[in-house]
Amino acid sequence: MNRLLLYRLASWALTLLAITVIAFLVLEILPGDPALVLLGPDAQPDTLEALRQQLGLNQAAVVRYFEWMSGLLRGDMGTSYTYSIPVSELIGSRLKITIPLAVLSTAIAVGLALVLGMYAAARHNRVGDYGVMAVTQIGVAIPSFWLGMLLILLFSLTLRWFSAGGFPGWEAGLWPGLRALVLPAAALAIAQAAVLTRVVRASVIEVLNQDFVRTARAKGLTRAQALRRHALRNALIPVVTVIGLQFGHLLAGTIVIENVFSLPGLGRLIFQSINQRDLMVIKNVVVLLAVIVITVNLIVDLLYLVIDPRLRHAS
Amino acid sequence: MALLQVQDISISIDRPEGKVGLVRDVSFDIQPGEIVGMLGESGCGKSLTALAILGLLPEGMTATGEILFKGANLLTLDEPSLCRLRGNRIGLIFQEPMTTLNPMMTIGDQVMEPLRLHRGLGRHDARAEALRLLERIRLPSPRQKFDSYPHQLSGGQRQRVVIAMAIACKPELLIADEPTTALDTTMQMQILDLLLDLTDETDTGLLLITHDLGVMAEMTDRILVMYGGSIVETSPTADLIASPAHPYSRGLLRAIPQRAPGSDGWLEPIPGTVPAPAARPQGCLFRARCPIAIAECAAHRPELRDILPGRSAACWVPIIHGRTGDA
Chain A
1 MNRLLLYRLA
11 SWALTLLAIT
21 VIAFLVLEIL
31 PGDPALVLLG
41 PDAQPDTLEA
51 LRQQLGLNQA
61 AVVRYFEWMS
71 GLLRGDMGTS
81 YTYSIPVSEL
91 IGSRLKITIP
101 LAVLSTAIAV
111 GLALVLGMYA
121 AARHNRVGDY
131 GVMAVTQIGV
141 AIPSFWLGML
151 LILLFSLTLR
161 WFSAGGFPGW
171 EAGLWPGLRA
181 LVLPAAALAI
191 AQAAVLTRVV
201 RASVIEVLNQ
211 DFVRTARAKG
221 LTRAQALRRH
231 ALRNALIPVV
241 TVIGLQFGHL
251 LAGTIVIENV
261 FSLPGLGRLI
271 FQSINQRDLM
281 VIKNVVVLLA
291 VIVITVNLIV
301 DLLYLVIDPR
311 LRHAS
Chain B
1 MALLQVQDIS
11 ISIDRPEGKV
21 GLVRDVSFDI
31 QPGEIVGMLG
41 ESGCGKSLTA
51 LAILGLLPEG
61 MTATGEILFK
71 GANLLTLDEP
81 SLCRLRGNRI
91 GLIFQEPMTT
101 LNPMMTIGDQ
111 VMEPLRLHRG
121 LGRHDARAEA
131 LRLLERIRLP
141 SPRQKFDSYP
151 HQLSGGQRQR
161 VVIAMAIACK
171 PELLIADEPT
181 TALDTTMQMQ
191 ILDLLLDLTD
201 ETDTGLLLIT
211 HDLGVMAEMT
221 DRILVMYGGS
231 IVETSPTADL
241 IASPAHPYSR
251 GLLRAIPQRA
261 PGSDGWLEPI
271 PGTVPAPAAR
281 PQGCLFRARC
291 PIAIAECAAH
301 RPELRDILPG
311 RSAACWVPII
321 HGRTGDA
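Heads up: the sequence lines are chains A and B, in that order.
Going by the working numbering, the letters in the first sequence line up with residues 1 to 315, in that order.
Going by the working numbering, the letters in the second sequence line up with residues 1 to 327, in that order.
Don't read these hints as lab results, they were simulated from the structure.
The beta-carbon is built from N, C-alpha and C at its ideal position, and this holds for glycine as well.
Check the hints yourself; a few may be wrong.
[As the list claims (entries may be wrong)] Derived, one-sided and incomplete: chain B residues facing chain A with beta-carbon distance under 8 angstroms:
hint : residue
1    : L54
2    : L75
3    : D78
4    : S81
5    : R84
6    : N88
7    : M104
8    : L117
9    : H118
10   : Y149
[Unchecked claim] Derived coverage of chain B by chain A (criterion: at least 3 residues anywhere in the stretch with Cβ under 8 angstroms from a Cβ of chain A; other residues may be distant):
hint : segment
11   : 11–17
12   : 151–163
[Stated by the list, open to error] Derived DEER-like restraints, expressed as beta-carbon distance ranges:
hint : chain 1 : residue 1 : chain 2 : residue 2 : range
13   : B       : E218      : A       : W12       : 50 to 60 angstroms
14   : B       : Q7        : A       : N209      : 22 to 32 angstroms
15   : B       : H151      : A       : A13       : 50 to 60 angstroms
16   : A       : V37       : B       : P103      : 50 to 60 angstroms
17   : A       : N209      : B       : T202      : 32 to 42 angstroms
18   : A       : E206      : B       : E41       : 24 to 34 angstroms
19   : A       : A224      : B       : R123      : 20 to 30 angstroms
20   : B       : G155      : A       : E206      : 37 to 47 angstroms
21   : B       : D125      : A       : W161      : 17 to 27 angstroms
22   : B       : R323      : A       : N209      : 23 to 33 angstroms
23   : B       : P103      : A       : A13       : 45 to 55 angstroms
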């Protein structure tokens, strides 16, 4: 097997382990007593003590960490303090919104970035290039929650094309579900697309100056054919890298954007859980988000091997 | 009719401070089956002239003049027509085999590309034809190399692949820009032999660009010597080697190990450097480095003119039969 692959898998597992430790420690240090939040400030000391006992909060930290870990390995994430249902069930239902939202948003960002970036590269140092660069400058600067509100104002309140928020559930069908995700996905995608457009542009410009693109032209390929057949694949590596890195930002962005659009997704869950000191939910969601991010980056590393034959043969 | 007729080609680059001339009034022609060498040091405009013939000058550079390929002016031809000529009737071989192949595409796909593009071959036929080409250019175990990537080949093998791509559609004109510079000496001779065979077989005209006079002497029928963006001498190869007419040509010959006529074993460098395109002086560009310059050389730039039958030089005091004559 490829050594690069083995190395990546090992580092994936180590990163995951480190994340569980950090997530656990941060929540240990964080002030706030879940029992107090659940019972309210007027609770009797003995009732509080009984609840702490029941939740297992009285045990030593090390013991609780290993209990959590062994639960995770069995697929048991514990029970939510506030919802009183298994955390895994809670997360599962929320993922059905957040994952499609993130994927849709990435698709919009990548699509926009490839088109605009290649266009700008093909028109390097001409009006079209300057135009695209100016637009991306604005795109980078706009906060996604504000853009989300503008999109609601225009497309929901004025044009009435999309609903202003909420989610009908996938039971209502694919299209109504997607429809509810289009605006929040677009709001998230713009900033990502802006950054990615710049990466695509810079990368394509660099590749277009390579000798083999000139060779392609000397063979009789048109400028566009040379760009498509020879430059694009070579330009993809930095682009794929940035897509992977952006995916983490995207997930963080869902916390804000799901609140703007009142979507019952993972981001909204973590926001509410923090407010309610629902430690059981928080630590598991944090670990899950981390797993998603490092897995996406693992996939990016594997994609390098697919894209670049030189890496495939080097081992 | 000449295969290629280049007439008064000048190439300039747009700079913020204005146009800077890089190549000035270059004229020459190539007959079918003829091998013409273009000689000169780096930056003298050899490669630019080659790129201009194919309409592939880098952005910001423009060429003026006339480039007639079988009577059609390539400089006024539209882009689709040029695309049909490139790689099809005019083949181009670049100098750096390390970077001229796409690192992410198999050898086979790259050799098949011109065949599919210009001859409309399907994948199956293109594969068969590409394999024939790879055999013809004597790539070892072509079937196995077909699905390899460039990084799995040696420099010489890559250069063979580059040649295979250039000759895939049996071009009438082949332009080879330093085809052997990056290779070791034995590989150099093999590649040059290959080029000679190919042009012999098909009556292809070859423009061979190099700064290696040894290669020139072995290969070419006629030599164009370029200096500072202009042709300073054009002579049949044997004549030029025996008695260079331009002092720059003579300087180049004397700077070659072994070949220097009447040398005492020491190489004789040409003193000084080539003036930069933006700082080209009035008069002859070679004047400051020339051992036989006269007053006229500083005042007026000599144009290329006939000095003997079949030979011309841009010099006020060309060396004719080894002797400086006033003209």
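Out of the numbered hints, which ones does the structure contradict?
2, 3, 4, 11, 15, 20, 21, 22, 23
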